[in-house]
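Make a model of the complete structure from these sequences and hints.
Residue strings, one per chain:
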Amino acid sequence: MQKWWTIMLFVMAFPCIYLCMNRVFHATVMCITMNVAIMLIFLYAPTEKMQGIVQKIFYFHVSSAITMFFAFFLVCVASIMYLWKNSDWWDTIALSAAEIGVVFCTLVLITGPLWARPIWGTWWSWDPTLTLTLVLWLIYVAYLMLRIETYDPKRARFAAILGIIGFVDVPLIRWSVEKWRTLHPKPVLIQEGGTTGLTSAMLLTFLVCLVAFLLLFFYLLRERMSVVQSRHALEVLRHDIDELCVG
Amino acid sequence: MKNFWYLFAAYSIIWTALCVYMIRLSQKNKELQVELRNLRAQLERILTK
Amino acid sequence: MSTETMVYLKGVIKHFGTITALRGIDLELKHGCCLGIFGPNGAGKTTLLRILSTLARPSAGTVRIAGYDVVKEGEKVRPLLGVLSHRTFLYGHLTAYENLQFYGRMFGLKQLAERITEVLQAVDLVTYAHQLVRTYSRGMQQRLAIARTILHYPKLLLLDEPYTGLDKHAVSRLHDLIVHLHAESCTIIMSTHDLHRGLDVCDEIAIQCRGKIVYRGLSLGTDVQAFEQLYSAYVG
Amino acid sequence: MCKHSNSFIVLMLGSNIFLQQVLALLAKDLKTEWRTREIFTSMFVFAVLVVVVFNFAIGADTELIRQVASGVIWIALSFASVLGLQRTGQMESEEDSLQGVLLALHDRSALFIAKMLAQMLYLLVVVICTLPLCGIWFRIDFLACLGALCVAFALGMLGLSIVGTLFGMIALHTRACEVMLPMLFLPVSIPVTIAAVQATAQLIDGKRLRDIADYLVLIGIFDVVFFVLALIVFDYIVEE
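Read top to bottom, the protein sequences are chains A, B, C and D. For the first sequence, the tail end lands on 309 under my numbering, and the numbers increase by one without skipping. For the second sequence, the tail end lands on 50 under my numbering, and the numbers increase by one without skipping. For the third sequence, the tail end lands on 1659 under my numbering, and the numbers increase by one without skipping. For the fourth sequence, the tail end lands on 274 under my numbering, and the numbers increase by one without skipping.
Careful: at least some of the hints might be erroneous.
[Said to hold, decoys possible] Straight-line Cα separation of at most 27 angstroms, DSS-like style, residue types lysine-lysine; simulated pairs:
1) K1495/C - K216/A
2) K1591/C - K1433/C
3) K147/A - K216/A
4) K216/A - K1433/C
5) K1495/C - K1635/C
6) K1499/C - K147/A
7) K1578/C - K147/A
8) K1635/C - K1453/C
9) K241/D - K241/A
10) K1433/C - K1495/C
11) K50/B - K1635/C
[What the hints assert, rightly or not] Okay, the calculated bits of chain B under chain A, using three or more residues with CB under 8 angstroms as the criterion:
12) 9–22
13) 30–36
[Said to hold, decoys possible] If the Cβ cut is set under 7 angstroms, some of the chain A residues that face chain D in the computed set are:
14) L145
15) F220
16) D231
17) W242
Hints were generated in silico from the structure; no laboratory data involved. Heads up, the beta-carbon is just placed ideally off N, CA and C, and yes, glycines get one too.
Here's what the structure looks like:
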């Protein structure tokens, strides 16, 4: 369990970066780190003996999984702050983080089986982390379904509640899935390893890749929030104009 | 190099998905900014009238 | 507890997303006074009454009823309120008696049975007491809703379009009831867009248009023409 | 946050106003339900249908059905509770009577507790009626392990009704109520379903209560966590 917390704490450092960078600078830094990450993955990182080249999916797969978890954690925090402070800014963060979280979640659910197929021989094994990702995907798609319409404070409040409940449910789902999975036979070859058994070179590539993904996440968050805010401002403007025409 | 296609598929999917999402976002953003500018101009015109 | 001002509103604003329903309402109402709020549809009358009845929270401004702040001390304000809305708040599958019994128990009334029969007599529904509310006509349901409103001896009555859907008989009965309650120094706020009815009951009148109170003054008695000129002057 | 702390204190003391209001709400719900018996019949028929359809789907192999029995029962239960929640939601919003109740409520969590207990009772009656039928169809002797079974079912149903009532209230206020409720309720209640199915399955195989203790602990923690969370969050659901 401590592995998760260390990563989460490391990831916490990123919000401060988000605040001090302006948009263009942020975009350039993100592109550079992403290119560096890719070069590292394909040129520098040694190919794993057992799994061969297909192990390289690991870098993008696990870093997008961590970004997804961070996104849903951010949704939970933003929802709590929105319910408490009732300020729209937190609500836009929750909505944008949720949407980007679902995008990353879909990526994880696609690359997971793609990686599992050559190693385990099956597209899908009810592995705790994969099942948990699937359930999270269901919960947060419901979250987005709840937010489809235009800006309505009541709906935003319901979605905030679901955001909190969804995240509080994660450890419970993980525990129950883990208990449930012990009844199923373990996968044949290698259990989908976390970061254990990584050589130092791989670890470095993975970290760079993680940094690149987080920068990407914050860039997308910034974009998505400006879309929400400008759409909101648009409505207010349109309303004022109608007001003036009528008045 | 036997599972190369899985690797290629995974990375191409990730890349296309992220790029499509980013492009759609920035397009929507630009569109909204333009509309916002027009509406603000319209508001000015009404106020000055 | 019977402070001088029963209802005090200052700068009350209410947004629904981007639409602003109330744009800064300032209102003060003496204890035992009957205020009639007139205004076109969509002027925010219902929103104002919902905020007063603690069913909706104001986006800004202070609302105080009987000295209590509506947002912070909601629990203390609610037992003092009698709210009559477009919908009757009643359960179709229960009889009139059971509906009033439920609300009586919720408010923790003593001698519930006597109070229910007393209230049913006031709205002339005693004979139908043990019939399902579903079988009631629209007018009877509205009268039962009025009975529910006054069941727990409220200090402040909030009536939202009380005359809608009432037949002739029910209107006069409601009229007597309001006069009777008014005599018992019970403060009443009534909102309607029907200029003719309600004018003679109110001590004070206010005209609300597009989220703001544009006129506030003493009632003109039964002089409807004068009121109509005043109304069209302000609302246009 | 101070507002919510007083609802806890009230809860702990069980002051008579709070208890009185919960009982009044519960009495009203049960009286309406007793008069029309709509909710119960729809839930019961739906549960039986799910069990029968699963029987056809799985086929006549008795050994296979014994293993799947507990899963089928719990699936029938959660979908029946979704149906029941939708029906109570509609009954509540017919004449906007929810607003009337909110006006009379001293503390809004009383409404949540009353609705949860009502939902729990509906589920209880449905289980009491469907379990014998399942016993016959799946050729399982439930009487052998009745004591342990009651504990497992009580905890499981409590979890389902807590989460169900919370999302029932949320779905009540959204427009696409029929779609939203199952989509919100089922994913979040997955821990309860998994743990309850495993616990019942092992009980059917003759295990003792001690063997399934950790499943029950899981459901117990789920119930406690979501009960407290629901009490805190409930004010924001009903508030305009």
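How the hints compare with the structure:
no., hint, verdict
1, K1495/C - K216/A, "holds (20 angstroms)"
2, K1591/C - K1433/C, "violated (38 angstroms)"
3, K147/A - K216/A, "holds (15 angstroms)"
4, K216/A - K1433/C, "holds (25 angstroms)"
5, K1495/C - K1635/C, "holds (24 angstroms)"
6, K1499/C - K147/A, "holds (24 angstroms)"
7, K1578/C - K147/A, "violated (33 angstroms)"
8, K1635/C - K1453/C, "holds (20 angstroms)"
9, K241/D - K241/A, "holds (17 angstroms)"
10, K1433/C - K1495/C, "holds (16 angstroms)"
11, K50/B - K1635/C, "holds (25 angstroms)"
12, 9–22, "holds (count 8)"
13, 30–36, "holds (count 4)"
14, L145, "holds (6 angstroms)"
15, F220, "holds (5 angstroms)"
16, D231, "holds (5 angstroms)"
17, W242, "holds (5 angstroms)"
The structure fails hints 2 and 7 (numbered hints given earlier, in ascending order).
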